[in-house]
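Please put together the full structure from these sequences, using the hints given.
Numbers 7 to 234, taken from this note's numbering, label the letters of the sequence shown in order.
Check each hint, because a few of them may be wrong.
To be verified - Derived CB-CB ranges, DEER-like:
| id | residue 1 | residue 2 | range |
| --- | --- | --- | --- |
| 1 | Pro77 | Arg195 | 28 to 38 Å |
| 2 | Gly181 | Thr140 | 34 to 44 Å |
| 3 | Glu60 | Arg143 | 34 to 44 Å |
| 4 | Ser187 | Ala101 | 48 to 58 Å |
| 5 | Asp75 | Lys142 | 43 to 53 Å |
| 6 | Pro114 | Ala182 | 17 to 27 Å |
Just so you know, these hints were derived from the structure itself, not from any lab.
For glycine and all other residues, C-beta sits at the position ideal for the given N, C-alpha and C.
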Amino acid sequence: MRTSLVIPAAGSGQRFGSDVPKQFLPLLGVSLLAHSLRAFAGLVDEAVISGSQENGTLLEAVVREAAVDFPVTVVLGGRTRMHSVASALDRAQGAVVLVHDAVRPLVPRPCIAACLKALASHACAVVAVPCAATVKRVADGVVVETVDRTALWLAQTPQGFQRAIGVQAFARAIGAGWACSDDMQVLERCGHQPVIVPGDPRNLKITTRDDLALAQALMSLPVAPIAL
7 MRTSLVIPAA GSGQRFGSDV PKQFLPLLGV SLLAHSLRAF AGLVDEAVIS GSQENGTLLE
67 AVVREAAVDF PVTVVLGGRT RMHSVASALD RAQGAVVLVH DAVRPLVPRP CIAACLKALA
127 SHACAVVAVP CAATVKRVAD GVVVETVDRT ALWLAQTPQG FQRAIGVQAF ARAIGAGWAC
187 SDDMQVLERC GHQPVIVPGD PRNLKITTRD DLALAQALMS LPVAPIAL
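In structure tokens form, the structure reads like this:
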């Protein structure tokens with residue numbers, strides 16, 4: 007079954023406070039976006055990256071830098087993540103689509119493989135980790151409730167779905183003007199129930215400079231030998 011990787015990368019990175027969008031920042035000498043692409047080598051048949059027109063040259067450089075074993079197409083993204091994903095879906099050729107954050111460079115390959123395995127028998131799936139922290143509901147600066155976290159999970163990426171239902175769901179969401187916090191919420195609001203694929207705490211989303219420093223530390227750790 008042909009699989010497409012979609013990476014929305016049209017964000018400006020203004021909150022990060024850098025001169026270039028954070029997806030182009032280096033992590034041990036390689037851009038975050040290139041690391042994210044390389045994680046999928048051998049697991050997908052193609053990638054479609056949606057980016058902004060002003061960063062076209064940077065995107066072309068990243069594709070060359072990544073040097074992955076599958077074709078990569080760059081398309082023009084939209085004003086929101088939802089629009090950027092929809093734009094990439096229009097060009098994706100796979101029956102199955104994985105959407106991955108441009109700034110999750112440490113996604114473990116077993117998480118990707120597990121998501122693909124889930125999509126062989128389910129319409130949609132999301133990589134996530136159980137919520138380990140105590141969660142407080144607050145109103146006007148005062149705790150009003152401690153939330154039961156036993157059923158709470160923290161979504162990561164990739165998030166995957168059958169392309170046919172994804173195209174329909176994103177078209178409906180854009181037409182209705184929905185505001186969704188992640189890609190899987192688009193599917194949820196259309197009545198689909200994603201299955202959970204266990205994620206990994208190392209699958210960081212680089213949001214702040216501290217996240218980048220942590221990713222650098224994790225990538226610098228020696229890899230333990232495999233026991234034979």
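Against the structure, the hints:
{"no.": "1", "hint": "Pro77 with Arg195: 28 to 38 Å", "verdict": "32 Å, holds"}
{"no.": "2", "hint": "Gly181 with Thr140: 34 to 44 Å", "verdict": "40 Å, holds"}
{"no.": "3", "hint": "Glu60 with Arg143: 34 to 44 Å", "verdict": "41 Å, holds"}
{"no.": "4", "hint": "Ser187 with Ala101: 48 to 58 Å", "verdict": "26 Å, violated"}
{"no.": "5", "hint": "Asp75 with Lys142: 43 to 53 Å", "verdict": "46 Å, holds"}
{"no.": "6", "hint": "Pro114 with Ala182: 17 to 27 Å", "verdict": "35 Å, violated"}
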